Structures are given as C-alpha cells and as structure tokens.
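Each chain, written out:
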Amino acid sequence: MIRLENVTQRFRVIQERPDTLRELFSKLFRRQTSYHDFEAVRNVSFDVPAGQMLGVIGRNGSGKSTLLKIIAGVYRPTSGVVQINGSIAPLIELGAGFHHELTGRENILLNGLLMGYSKRDMLERQERIIEFADIGDFIDAPVKQYSSGMYMRLAFAVATEVDPRILLVDEILAVGDAGFQEKCFERIRNFRASGKTILFVTHSMNDVQEHCERVLLLEQGSIVVDGRPEEAIAMYKSLTTPELVGAH
Amino acid sequence: MIELIRNSYRYRELIWALALKELKIRYKRSVLGFMWALLNPALLMLVLTLVFSSIMRFPIPHYAIFLLSVLLPWTFFAQSLSYAVESIVTNGDLIKKIAVPKLVFPMAALVSNLINLLLSLIPLAILVPALRHPFYWTWIYLPVPLLALAIFTLGMTFFFAVANVFYRDVAHILQIVLSAWFYLTPIIYPLDLMPAKYHWLFKLNPIIYVINGFRLSVYYGQLPHLQSIAASFVCAFISLFIGFSIFRRYQDSFVFYV
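Chains as they are written, first to last, in the working numbering: chain A, 1002 to 1249; chain B, 2 to 259.
Calculated directly from the structure, the hints in this document are not laboratory data. Heads up, a few of these hints could be off.
Heads up, simulated EDC-like pairs for lysine to aspartate or glutamate below, C-alpha to C-alpha not over 16 Å straight-line [as the list claims (entries may be wrong)]:
| no. | chain 1 | residue 1 | chain 2 | residue 2 |
| --- | --- | --- | --- | --- |
| 1 | B | Lys97 | B | Asp193 |
| 2 | B | Lys25 | A | Glu1172 |
| 3 | B | Lys29 | A | Glu1107 |
| 4 | B | Lys22 | A | Glu1107 |
| 5 | B | Lys97 | A | Glu1094 |
| 6 | B | Lys29 | A | Glu1102 |
| 7 | B | Lys98 | A | Glu1172 |
| 8 | B | Lys22 | A | Asp1178 |
Here the structure is a predicted model, which means the values were calculated and not measured.
From just these sequences and the hints, can you work out the full model?
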C-alpha cells in the first residue's frame, strides 16, 4: 500500500550555482541571489491500495519521475507525508547500480545489496535471475561488454526477481526485443495476479488502456485527473494537442 | 552515535562489497592483480631502505623501520581521505537513482584502505628481521592504535565527503592540507629533533597521539603511556562525533547537489 498526503517537492534551481569557493565569495560580495524555487510535485495526495495497478501519465516535466523517486525514497519530500507498506522494487533507470568493470554475476550481488537485500537473499536468487536474463556465458563477463539489450535484461531480472510487494515502473519496457518485452509484461501480469501493487509511468496510452484500472494525470506537478483510464487519456490528449498544433 | 553503529552493522555486507569492488577495480587488468596490494608497500620499503641506509644517512639506527612504522598508518589516513572526499560525488548517479544509505560510500573507502594497511604490515613484518631490527612482542599491541586510527580517520572522511559535495574545491584543498600536515607531524623526523620550546605546538596535532602507538610498539618495543592512549581515543571520538553529526545533518540534501 502506498499513501501520499499533501506531498510537495521543491527544488532550488540555482543559476550558476556557486560550485567553488571563489564563486561563493563573489556571490556574497555582490549580494545577489540567483535562484528560484520550483515545485516539481505540488500538494499531491493519493492512496494506492494493495494489488492495484496505477498508471501515471503526463507531459514531459509534469513531475512523473520525481513522484516515483519520492516513493522510492531517493528524495525526501519538502513537505507532506509518504507512507509505504512493503518492500519496493524501483524499476526506475534500470541498472543504475551496475558497475561496468564488474561481471554480471558480481553485479547481481552488488545491485541487490544496494537495493537493501542481504547477500544470502541474492545468492539464493542468483540462478533464477541468470535464467530469466538469459544472456548465456556473458554472465561472467564485465557488463561493459554487454549490448544495451543484455544490460537491460539483466537489470530487469535483478529488480524483479527479489520478490517485492510494490513495483515502480518508469518506461523501461521500451528496450529489448519483442520476445523479451513480452517476457517483461508477462512478469508484470504475474505480479499483478499475485496481488502486488504496481505504479506504472508511461507515455504509451495503449499500455495504460490495456493494463491499468486507474490512472493519474499530472500537469505541472499537480494531479489533474485521478480516475478511469478513458477519462485521463481524453484529458491528456486535450493537453497535448494544442501544443503540437502550435509547434508545427 | 548509536545510529552510526546500527547502520554500519545493518549495511555491513554492502560496505564490504563496495570496498572489495574498489580494490578489485584498482588492481584490475594488471598481471599481478591483487598481489600489488602486497608488492606496492614492499617495493616502497625496499626503495626507502636503500635510500636511507646508503645514500642519506640519519643518525637514527634502522631509520627505514623508524619511518615505515608511522608512514604506513599515515598513508592509510591520507589515502582514505583522498578516496572518501570524492566518494559521494563520484557515486552521485547512484544516489540520484537508488534510495541507498549515503554513509556506505565513505565507509567503503575507509574499509578498502584498511585492508591495504593490514596487507602492508606483512612486508613490514618481513623487513624488520631482515634488517636485523628486533621483532618486539609489542607488535601484539597494534590492534589498539589501529582502532584509534580507524575511528579518527572515519570522522575525518565523513567531514570531507560532505564538504566536497557543497564545494568541490575541498578535494584540492585537502591535498594541500595533507601535505602540510605530513611535514608538521613527526613522521620523517623524531619529535626530539624539534626544539623543546615548540613541543607544545606539536602536541596540539591530534594525529600524533593516534599514530604514536605504531612507532612505539614496532620501532621502540614500548607501550605508550596510559595518558597517550586515552588522548588518542579522545581525539578519535571527537573526530567521529563531529564528522558524523555533520554528515547526518546534510545527507538528505546530497541528492540535490551531486
């Protein structure tokens, strides 16, 4: 279960952030403040009951990824309350914890430890992860030799084999060949069938329509629609269309 | 402080894995691999011994042992800081993408260098009888100064890792600070060589108490006075307390600055 109450994430956008002491001193003496605050997520509240698959859509920069990162615990929100029940597998930027010089097998362990699992957990699951990733002998080669498809397969396998209660998916299924994509969706369907909570960020209206029972539409950090997919998709289209006409 | 102990225990496997990763990468693609962790200090010792026994002669018997007994712990201190100061910034991508406890990065830098220090004691233990310097029983006392040194260093790594997140100059300043600190600490010279009226100045340098135990037990075959041991642990815990308090206070904002 996920519960957010009046969550706001404010970023300080600093023009020419004083990265060095010299800049800091020159800033101090000129006494100018060159930043503005920007709310990437603004006063967002919603509940996701266990077992629901919630789609999150919105234009670029509407706050979708920030929202996922707040739930994943990467950001501590500026204000508001975040309550999470159960372990989370964030499928945001897959393979973020991989180190290029280490082999696939070494990365399985390191990545699992980074996500908060124990060594024993990971060793138990290692064989199943390797089987699902299906990259053959490459498992003992450094991951810098992997193709991007192989990299993603291994990352997806690690992130989903750990048996999380909550899955955060950020547009990762656009990689890999058709066969592997089908395997991923198959796994997500299984997760759903076994009562896990899934948050699914995407730009693909077809996927939202097909997989989600409820959809959030974000615009400038706020929730505009929280309801049935048809409703959210219709609103999304009305938001994006004039912009496209204007752009061309 | 309890939080620090609890978290280091909780993430011990991760810290260990990151430390091993660091070492693995350091020695990757070299023919001798991990052997370099032993060879490096061994060759350094060989060079120092040759230089100081034939070229530059100090009025100190077995000068190489005199020097190495504190140079090795100093190298650990300096290297740990140099690694740790960048540890949050270089792992910035990770911090921005995964909810990971930030303290594991400076701690892993410390642990990997601690492994190096322990390994470098092996060639030292070989060198001591090879140079016909007595092998004192006081070697068994080494875990005590090692502990004080590790705690002292950990506090400093926390401090510098945080400072460098906000001002990248810190990594450069650190190198200058370390080299000045090196010469101001009686490492290449004995404290007695300094005029007695300045001794009080040297006693303000906290790391003296911490590394003093190494020279006493390896070179002189003595144990430090109780006050000196107490001073080393007081310095160590003050360093850890300040370093960790600052780290704890700022760790949630790292993600916005890396």
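Hints, verified against the model:
no. : hint                  : verdict
1   : B/Lys97 <-> B/Asp193  : violated, 51 Å
2   : B/Lys25 <-> A/Glu1172 : violated, 33 Å
3   : B/Lys29 <-> A/Glu1107 : holds, 14 Å
4   : B/Lys22 <-> A/Glu1107 : holds, 9 Å
5   : B/Lys97 <-> A/Glu1094 : holds, 10 Å
6   : B/Lys29 <-> A/Glu1102 : holds, 8 Å
7   : B/Lys98 <-> A/Glu1172 : holds, 14 Å
8   : B/Lys22 <-> A/Asp1178 : violated, 31 Å
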